[in-house]
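Protein chains: 2
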Amino acid sequence: MMIGALISSGASRAAPPALSMGEILKSSPPEAWKLIDPASTLYLDLPRGRIIVELAPSFAPHHVENIKRLVRAGFFDGLAVVRVQDNYVVQWGDADAVKPLGGAQKRLQPEFDRTETGKGLFTALPDPDAYARQVGFTDGFPVARDLKISKSWLAHCYAMVGVGRDVGADSGNGTELYAVIGHAPRHLDRNVTLVGRVVRGIELLSSLPRGTGDLGFYKTAGERTPITRVRLAADLPPGEQLSLEALRTDTATFVALLQNRRFRSDDWYKTAAGRIDLCNMPLPVRDRLQ
Amino acid sequence: MMIGALISSGASRAAPPALSMGEILKSSPPEAWKLIDPASTLYLDLPRGRIIVELAPSFAPHHVENIKRLVRAGFFDGLAVVRVQDNYVVQWGDADAVKPLGGAQKRLQPEFDRTETGKGLFTALPDPDAYARQVGFTDGFPVARDLKISKSWLAHCYAMVGVGRDVGADSGNGTELYAVIGHAPRHLDRNVTLVGRVVRGIELLSSLPRGTGDLGFYKTAGERTPITRVRLAADLPPGEQLSLEALRTDTATFVALLQNRRFRSDDWYKTAAGRIDLCNMPLPVRDRLQ
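Heads up: the sequence lines are chains A and B, in that order. Heads up: the first sequence begins at 135 in my numbering, then just goes up one per residue. Heads up: the second sequence begins at 135 in my numbering, then just goes up one per residue.
One should not assume that every hint holds.
Identical copies go unnamed one by one, so any copy, or any two together, can satisfy a pair.
What the hints assert, rightly or not - Below, a list of computed lysine-lysine pairs in the DSS-like style, where the Cα atoms sit at most 27 Å apart:
| # | residue 1 | residue 2 |
| --- | --- | --- |
| 1 | Lys-240 | Lys-160 |
| 2 | Lys-233 | Lys-160 |
| 3 | Lys-233 | Lys-168 |
| 4 | Lys-404 | Lys-285 |
| 5 | Lys-233 | Lys-282 |
| 6 | Lys-202 | Lys-285 |
| 7 | Lys-353 | Lys-253 |
| 8 | Lys-160 | Lys-282 |
Because the hints were derived from the structure by calculation, they are not lab data. Note that the structure is a prediction, hence the values are computed from the model and not measured.
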């Protein structure tokens, strides 16, 4: 949804609604939520619990397809979390590049950004951004865009998931993935293909012991956290699939929430910022209502 | 140092120096570094290791003084880390407010900001900020300011340390402290008194298990991490004091580093942002050269 539709140019001076964040969500209509597609949902199972990733095929179709092939070939099962760099990323997969790819591509053209006509659903943030001309939300993801070059791209916010690569722009293939666990490293935007975000369990990754080697890699295999298995939700029996809903970012509910987060109005806050950084905006996910 | 002195208005279009970050630091003159004052340095010792905090008496003199009194009375010894909220804060101290204060004040007027004449040392960032009219660095700390209201304040970047408080603006006294362990919660700026930053060991806090209670508080005392002791570096025998130096932020070395981080120029980067967020700028600390 365009900026004019829901957030007027005067929004930064508007008084906040009196409702709390919880009240806004509780009073949201069912159509403000979308089912997260099980065919685009990964379950990453570690001994300490499950991490759930919502993939973003509309931004990185070829990388998402490749990752699905890897997952369906059981590629990640028995691999490990190999890197935890404080205030930066957790990385998992085949650090040694020895495992067969099970029919997935070895090299892929980068999907660092996509063509942006300005006509798609986009809820723009009215506040400045350090890195991009415009930022906001598309399909539940934090997005930056530049209409002068007709491009948009996913932004490296906390819990976003990307495809590790070497120096070659086409050297990433999804066999090594990472999640952001620190202050948004937005300088990675347009340098890495982002493929989704962790919607549950990021704390299982962010609380892992930091690696003591260069760039936070673990020095020894014994320090790594093994991956029990990775599955596409859609490939599991229905009884093993969680039904999750994400708040649609093109709704009045989301805009009310955005205004609520820009203008904190409870008794504790003495100075409401009246602004928000792209990566400070919560993107709520809930169990599907029965 | 004012913006004009070191970063020209054309800086955002300037080509980066060819040196790497490591080379810039290695070639820095000794006077680009300052000794971190042992009288403003806290050692927070946990069973897993030591966290070192540089206090900021120039921004929060009364809170820093109160914290020093608490430390000198042994207030924190035997207390615990009571809260770890993912992508937000780690908090430690006397959550139950039962320990005697040892001569420290129970209530303090907030030091959310300070008067800013615009004449002090300040290295401004030329890039936009979501929250403040101007941001940059003073005395080695990330700072926001607004000359229209003649105020500046410390910014809630990763590893910054603040004083927990209740609803009353004067209810914080340093008996509960927190460190930021996620994407900068800048909406807390000017709502909490910040007193310093973790210069060593933040990973010992950020990798703690997350609390499962409301706001990340641990539900049971058994989950808490005990604090062995907290000391002022200056109060320890010389042989037990670490000599740390911080890169001065009013130097040509720091500006070179800032430009280097704004324009990533190694082979890996395909698109240099040419910009940086306040909280993405490294603030280097090293062991004092012998």
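Going through the hints against the structure:
no.: 1; hint: Lys-240 to Lys-160; result: neither (46 Å within a copy, 39 Å between copies)
no.: 2; hint: Lys-233 to Lys-160; result: neither (46 Å within a copy, 40 Å between copies)
no.: 3; hint: Lys-233 to Lys-168; result: neither (36 Å within a copy, 50 Å between copies)
no.: 4; hint: Lys-404 to Lys-285; result: between (39 Å within a copy, 16 Å between copies)
no.: 5; hint: Lys-233 to Lys-282; result: neither (42 Å within a copy, 60 Å between copies)
no.: 6; hint: Lys-202 to Lys-285; result: within (26 Å within a copy, 52 Å between copies)
no.: 7; hint: Lys-353 to Lys-253; result: neither (48 Å within a copy, 48 Å between copies)
no.: 8; hint: Lys-160 to Lys-282; result: neither (39 Å within a copy, 40 Å between copies)
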